[in-house]
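Asker: Sequences listed follow chains F and D, in order.
Those letters in the first sequence? Residues 2 to 329, by my numbering.
Those letters in the second sequence? Residues 2 to 329, by my numbering.
Hints were generated in silico from the structure; no laboratory data involved.
Accuracy of the hints is not assured; some may be wrong.
Identical chains share a label here; the pair holds if one copy fits it or two copies do between them.
Computed cross-link-like contacts, BS3-like style, restricted to lysine-lysine with a CA-CA straight-line distance of at most 30 Å [what the hints assert, rightly or not]:
#1 K293 to K165
#2 K89 to K273
#3 K89 to K18
#4 K18 to K273
#5 K89 to K165
#6 K18 to K293
#7 K165 to K273
#8 K18 to K165
#9 K293 to K89
There are 2 protein chains.
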Amino acid sequence: MIVRQPTRAGVRDAAAKIAQILPPSPLFVREISGVSIAFKAESLQPMGAFKLRGAWHRLTALDSNARRRGVVAFSSGNHAQGVAWAAKRLGLPAVIVMPADAPRVKRDATLALGAEVVAYDRATESRETIAAELAEARGAVLVPSFDDPWVIEGQGSAAIEAAKQMVEAGLPEPLHAVVPCGGGGLASGTALALPDATITVVEPEGWDDMRRSLDAGWIEPVGDNPPPTACDALQTTRVSPLTFEVLANRGTTGVAVSEAEICAAQRWAVEKLHLVIEPGGAVALAAVLAGKVAPAAGMLVILSGGNTDAESFARALAVEDTRIAEPA
Amino acid sequence: MIVRQPTRAGVRDAAAKIAQILPPSPLFVREISGVSIAFKAESLQPMGAFKLRGAWHRLTALDSNARRRGVVAFSSGNHAQGVAWAAKRLGLPAVIVMPADAPRVKRDATLALGAEVVAYDRATESRETIAAELAEARGAVLVPSFDDPWVIEGQGSAAIEAAKQMVEAGLPEPLHAVVPCGGGGLASGTALALPDATITVVEPEGWDDMRRSLDAGWIEPVGDNPPPTACDALQTTRVSPLTFEVLANRGTTGVAVSEAEICAAQRWAVEKLHLVIEPGGAVALAAVLAGKVAPAAGMLVILSGGNTDAESFARALAVEDTRIAEPA
Chain F
2 MIVRQPTRAG
12 VRDAAAKIAQ
22 ILPPSPLFVR
32 EISGVSIAFK
42 AESLQPMGAF
52 KLRGAWHRLT
62 ALDSNARRRG
72 VVAFSSGNHA
82 QGVAWAAKRL
92 GLPAVIVMPA
102 DAPRVKRDAT
112 LALGAEVVAY
122 DRATESRETI
132 AAELAEARGA
142 VLVPSFDDPW
152 VIEGQGSAAI
162 EAAKQMVEAG
172 LPEPLHAVVP
182 CGGGGLASGT
192 ALALPDATIT
202 VVEPEGWDDM
212 RRSLDAGWIE
222 PVGDNPPPTA
232 CDALQTTRVS
242 PLTFEVLANR
252 GTTGVAVSEA
262 EICAAQRWAV
272 EKLHLVIEPG
282 GAVALAAVLA
292 GKVAPAAGML
302 VILSGGNTDA
312 ESFARALAVE
322 DTRIAEPA
Chain D
2 MIVRQPTRAG
12 VRDAAAKIAQ
22 ILPPSPLFVR
32 EISGVSIAFK
42 AESLQPMGAF
52 KLRGAWHRLT
62 ALDSNARRRG
72 VVAFSSGNHA
82 QGVAWAAKRL
92 GLPAVIVMPA
102 DAPRVKRDAT
112 LALGAEVVAY
122 DRATESRETI
132 AAELAEARGA
142 VLVPSFDDPW
152 VIEGQGSAAI
162 EAAKQMVEAG
172 LPEPLHAVVP
182 CGGGGLASGT
192 ALALPDATIT
202 VVEPEGWDDM
212 RRSLDAGWIE
222 PVGDNPPPTA
232 CDALQTTRVS
242 PLTFEVLANR
252 GTTGVAVSEA
262 EICAAQRWAV
272 EKLHLVIEPG
282 GAVALAAVLA
292 GKVAPAAGML
302 VILSGGNTDA
312 ESFARALAVE
322 DTRIAEPA
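Bound conformation, chain F alone (with noise of 0.2 Å):
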């Protein structure tokens, strides 16, 4: 099989499908050290996160016989309900294969959303084996989380979105996008979508594979017994070549934060945004309040999701603040 690569028209293909359905997610504007910084709250689309835009436009671009055998795939959360959300809007069907012990906010709403759910034991069973199986038997077509060209050129429309709102707000275009990293879709697809921006990939320690591997130039997987994480939306072990190549073409860098780092944003956007962010969310947002990432101007930080239930959301904001989160 051929697989085509994601391009910057792709991109702006799926901006303009996405315009038609959604209007552009909100983007606040606040001085972190002084530096006014634009922050993209994905978390407010409709499903939480920006993953109906890579769902949208992959659901969009199959044809007739394809939607009406449905759709399959496989994610903790996000990708699921942004595949859902989209088969809903088209009116097909949808299996969702989802770990057992997945947020229960993420799973219900999926359920909500009138996907079929499949669980399965995270430790035991291969969700990538039981997906393939689905999808054979139904015929139905496989959406990867990242791993796909449509995939990420629609996770890209969101730069394109932010671009426009940041020229409106009276900010310079996107010089700098820093963007939460699991498998790459949507770090690559801001990447296509502004090629003259310089993209920094954030990702929790000790699942910083994607840093890990631009720093190689090869990839590289998540190592043996990684560290527990909060970011539930960025365990993924290993980074596709389709994304990959998109970043190391970039001489994109990666950095990693800290589970307390990550509270601290979480808090930070509670006060300063008046947003809920989840953890996987959040991590572009510590990267720049821990000074891993210097505040510049033009900068863009996606706040990729806020997907989280009540009570963990509670239980991370009342981490104790180990460093003070703010530079200024």
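Using the hints provided, position chain D relative to the given structure of chain F.
Answerer: Chain D alone, transformed into the frame defined by chain F:
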């Protein structure tokens, strides 16, 4: 002094003025008990609450002499920030008289907006007297938080925006508006903005003086020793003839919600809207979720503010849920 009455024309004028400087605050649609309800997220305004609307309408109505001498306001927080925000934007001096125990985020944010903050002791000092003396000494204009026709008209602009957004979202124009109520500025402005809608005001239990006043047909103050409430923004002990008469003339009724119902609403907003709503900003949502206001087609619920310490917010989310929060 002849006090002019706030008018619907004034509300429309305010809405036009505010549209020149701010995008509409986001409107979100969610189902409750199977009914699509519109939520106006005033918590996402630059200073985290609707209060900049009234302040902007009032301050832009001042002549150049008055602007030079500046403004004085007394407020527990959100009105302070609203006046400070508008004053900063217009380049005029602002002094805010604020209780010494106001939430830290509200005090810090007011200072960050360049206002001078004068603290007073809620138990022993009169903020009205302090503010009047400051205004007299400086020749500055006192900007009341609700007892003022411009302020009322300005607050009403949120509903003008929301009506347009509801139609754009495929909903009917607002038939029912459910509105948090302290002094009644937002509620009376909403009533003027939406002449065909029924208005329900919502207050915390024990602070439901507007509800009792509307029932009685005359203004009744909050009783002695009202219960503690997390709604620092709604601790108004007496409504004003201006706000009362607008609402009474419309046959408005009110309901009161418990502190536990407010916490349940804050949790719901975290999980379903990914928004941080302060206690006083969540009372209208709380009334709907608790079944005290029946969900109905064309219902607009105003989420009036989001200014809360992360610590207080975490505590609110952790409050035991003593009842099913959502009827559906």
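Asker: Checking each numbered hint in turn, tell me which of them this model violates, lowest number first.
Answerer: 6, 9
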